[in-house]
Amino acid sequence: MSASHTSPTANPQSPTYTGYLTGYVLAAVLSVIPFGAVMLGGLSTHAVMVIIGLTALIQAAVQLKYFLHIDFKHSPKENLFALAFAVVLVVLMIGGSLWIVSDLNARMMPAMGANMEMPQEL
Amino acid sequence: MGRLNWDALPFYSWVAFTGALVTVGGGLLVVALILYKGWTRKLWTDWLTTVDHKKIGIMYIVLAMVMLLRGFIDALMMRAQQAIAMGNEGYLPPEHFDQIFSSHGTIMIFFMAMPFLTGLINYVMPLQIGARDVAFPFLNAVSFFMTAAGAVLMLLSLVIGVFSTAGWTGYPPYSGAQYSPGVGVDYWIWSVMISGIGTTLSGVNFVTTIMTQRAPGMRLMQMPMFVWTALCSSILMVFAFPALTVVTMMLALDRTFGFHFFTNAAGGNQMQYANLFWMWGHPEVYILILPAFGVFSEVVSVFSSKRLFGYVSMVWATMAIAVLSFTVWLHHFFTMGSSANVNAAFGIATMIIAIPTGVKVFDWLFTMYRGRIRITSPMLWTMGFMVTFGIGGMTGVLLAIPAADYVMHNTTFLVAHFHNMLVPGALFGFFAGYMYWFPKAFGFQLSEVWGKRAFWFWFTGFYCAFMPLYALGFMGMSRRMEHYDVATWQPYLIFACFGAVLVLLGIICLGIQLWVSVRDRVALADTTGDPWDGRTLEWATSSPPPEYNFAHIPDVSDLDAFYEMKQTARTAPAPYEDIHLPASSVYAPLMGVAAAIFGFAVIWWIWWLAALSLAALVALTIARNVTGEPHVTIHAAEVAKIEGART
Ligand code: HEM
Ligand SMILES: [Cu+2]
Numbered sequence: 001m002s003a004s005h006t007s008p009t010a011n012p013q014s015p016t017y018t019g020y021l022t023g024y025v026l027a028a029v030l031s032v033i034p035f036g037a038v039m040l041g042g043l044s045t046h047a048v049m050v051i052i053g054l055t056a057l058i059q060a061a062v063q064l065k066y067f068l069h070i071d072f073k074h075s076p077k078e079n080l081f082a083l084a085f086a087v088v089l090v091v092l093m094i095g096g097s098l099w100i101v102s103d104l105n106a107r108m109m110p111a112m113g114a115n116m117e118m119p120q121e122l
Numbered sequence: 123m124g125r126l127n128w129d130a131l132p133f134y135s136w137v138a139f140t141g142a143l144v145t146v147g148g149g150l151l152v153v154a155l156i157l158y159k160g161w162t163r164k165l166w167t168d169w170l171t172t173v174d175h176k177k178i179g180i181m182y183i184v185l186a187m188v189m190l191l192r193g194f195i196d197a198l199m200m201r202a203q204q205a206i207a208m209g210n211e212g213y214l215p216p217e218h219f220d221q222i223f224s225s226h227g228t229i230m231i232f233f234m235a236m237p238f239l240t241g242l243i244n245y246v247m248p249l250q251i252g253a254r255d256v257a258f259p260f261l262n263a264v265s266f267f268m269t270a271a272g273a274v275l276m277l278l279s280l281v282i283g284v285f286s287t288a289g290w291t292g293y294p295p296y297s298g299a300q301y302s303p304g305v306g307v308d309y310w311i312w313s314v315m316i317s318g319i320g321t322t323l324s325g326v327n328f329v330t331t332i333m334t335q336r337a338p339g340m341r342l343m344q345m346p347m348f349v350w351t352a353l354c355s356s357i358l359m360v361f362a363f364p365a366l367t368v369v370t371m372m373l374a375l376d377r378t379f380g381f382h383f384f385t386n387a388a389g390g391n392q393m394q395y396a397n398l399f400w401m402w403g404h405p406e407v408y409i410l411i412l413p414a415f416g417v418f419s420e421v422v423s424v425f426s427s428k429r430l431f432g433y434v435s436m437v438w439a440t441m442a443i444a445v446l447s448f449t450v451w452l453h454h455f456f457t458m459g460s461s462a463n464v465n466a467a468f469g470i471a472t473m474i475i476a477i478p479t480g481v482k483v484f485d486w487l488f489t490m491y492r493g494r495i496r497i498t499s500p501m502l503w504t505m506g507f508m509v510t511f512g513i514g515g516m517t518g519v520l521l522a523i524p525a526a527d528y529v530m531h532n533t534t535f536l537v538a539h540f541h542n543m544l545v546p547g548a549l550f551g552f553f554a555g556y557m558y559w560f561p562k563a564f565g566f567q568l569s570e571v572w573g574k575r576a577f578w579f580w581f582t583g584f585y586c587a588f589m590p591l592y593a594l595g596f597m598g599m600s601r602r603m604e605h606y607d608v609a610t611w612q613p614y615l616i617f618a619c620f621g622a623v624l625v626l627l628g629i630i631c632l633g634i635q636l637w638v639s640v641r642d643r644v645a646l647a648d649t650t651g652d653p654w655d656g657r658t659l660e661w662a663t664s665s666p667p668p669e670y671n672f673a674h675i676p677d678v679s680d681l682d683a684f685y686e687m688k689q690t691a692r693t694a695p696a697p698y699e700d701i702h703l704p705a706s707s708v709y710a711p712l713m714g715v716a717a718a719i720f721g722f723a724v725i726w727w728i729w730w731l732a733a734l735s736l737a738a739l740v741a742l743t744i745a746r747n748v749t750g751e752p753h754v755t756i757h758a759a760e761v762a763k764i765e766g767a768r769t
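From first to last, the protein sequence lines are chains A and B.
Throughout the first sequence, residue numbering follows the numbering used here, covering 1 to 122 in sequence.
Throughout the second sequence, residue numbering follows the numbering used here, covering 123 to 769 in sequence.
Ranges of calculated distance between the beta carbons of each label pair, as one might list FRET restraints:
1. A:H46 to B:F381: 17 to 27 angstroms
2. A:V87 to B:P613: 53 to 63 angstroms
3. B:V748 to A:T16: 18 to 28 angstroms
4. A:V48 to B:P338: 52 to 62 angstroms
If the Cβ cut is set under 7 angstroms, some of the chain B residues that face chain A in the computed set are:
5. M401
6. S460
7. S461
8. V464
Honestly, the hints are just simulated from the structure, not real lab data.
Beta carbons: idealized from backbone N, C-alpha and C, even for Gly.
Chain A on its own, in the form it takes in the complex:
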């Protein structure tokens, strides 16, 4: 915990070229899937949203593992602590937003109800 002059993110297992490449490919695939789900159409809005959410979560994990080299064995305690803090904040922000916006949605657009499909008029 006290200040050493080596970086605390230094991982005993030094990052490898294949590691970055795997991460890159996985991240690309996980981006193509949600784009595809939206652009190809055919799925219900609800399903598309679930797909976007899930692939985003998985992608976050991929980036943490392959690009930032965080895992539960080697990372120093304060990095995991920081990560836990980040998780708390993300839950607050996303959870809070969902709560706020769905509440507004329920109150402001009763006619639409649960149907999120909006008329496409530009």
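Starting from the known structure of chain A, fit chain B with the ligands onto it as the hints suggest.
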């Protein structure tokens, strides 16, 4: 040239034209002075290309002071307009008045307060933890030039084109392409986004520095209070600013590329804008206020000649504020129509923040209690803050009651409230820090007499300028009014204008203080490095500190490390060693220039230039990474010479 043509020049009103002339004239005057004095080379090699945290810190504060002047002129113009415009149009046309409140708010938050606190943290924090620099010195320079690029765009909007009329919050649908088709909102978006990216990078840099670069032996619970507040503020920067970057980016996509995130007609929702904006916006006010709390903690302890009362509670209160600041953002849009349950939850969360803040105020008071208090100018700002901030905090708790907020929302009561928090809670803290650490940075003290005069004008001016606004809010006056026809408001507004004139005198005193102190710098010189009988490590080195800060990295075993050192006998210094420092670099200023050009090109739809400057930005980033980390070495003999000259 995209949509740029001769009509962009500000011939639409004589006031705007004068503003443009002053801006251009001021710029030319500075350039002329630099050329006349032959400072060009010095400016480039010693300042613009530097990666020294101390010089970057000073540049940030210079930027903040310049922007404070501009932001204050805006404020004065608004006060004058509202004092006059009872039953008539006043001297400002509406579209110009709207630009002024938008630019005033944007400048004060993004280009005055943010650079000021980033500059203070930059200068002081590494010294306080006994480090030679921040963790990523080059990134630090990049952050500065991103902020400067944003500020340049901001100033440019006065000369070429117009600024946003959508307020500092830029709410759609008004800020969308349909209702604000010109370049104004785009200037707002890009200046805020570019400088925001710089701030995110600063946050990363400061967190890493505090976690990894502390002097050996300095445990977290031995860090000076200012370092703690810098840490929490930086964590907020890292987590909150991406929300701002994203929301301004989405608005830019809406406006420039016909997306419809916030356009109702095509399935977007402008409420999501308010949600995302304030998810950044509320933590932002704590980003501004926490470092000032840190300054007050240092000042109160030094000038009461006592250890800070309740250090541990102060640390926990700071952390609690940092976390809670992410749980309250809805209080900025209570009136948007959420159900009572949602409003109540966020209202209660808001009131809870008053508890850790109250803890801090009592800690400061108990630090003063039975201390040997020296009423210096930093101490005056601190005491003025405690009194005034208490009032602002109470009106804040009042506004946190959703039912009350429905009445006060969008009135001048709110304007009075947030100025009541930000002027003492941020600005007074920054002034206290400026006067407290100035002798450290330049080797001579600032004139106390003029510092105290500045304080009294600011303090009384603040009360005269903003207390009437509380009353006006109760009387039903909306904020952002260009003219009105309620005769009973006018006396209050004239009095508020008088208050702004007092603040102007305060600003003039600050200028005179600087002038007088530079003139008398020999008499005011600080040869000890410790003019205030300080307690923390920055006072252990000379004033100004050598480039490497500390010849020997200090060994820390206590809070108030330097105070402890002064109590114990000095051991003979160990032999000096070679010191390696990062070399200056031309890449950061070039990246700033490229970013400013990119912003300008996108604002005016000059796509070839946008592509070119973006390519330049990427190329510079790659080139810098390929060249690695050049270093310079200061040899032991030279260190011995510098240190020998000190005593
Ligand atoms: C001390 C001198 C200052 C004076 C006289 C002053 C005056 C004003 C005035 C007259 C307004 C417009 C009120 C209205 O909408 O009716 C305003 C708005 C605002 N001020 Fe200040 N101000 C000062 C300092 C500051 C500081 C230090 C900050 C921030 C750190 C700040 C932030 C803002 C913001 C965010 C707005 C809202 C702009 C908007 O409506 O979009 N001001 N101020
Ligand atoms: Cu808030």
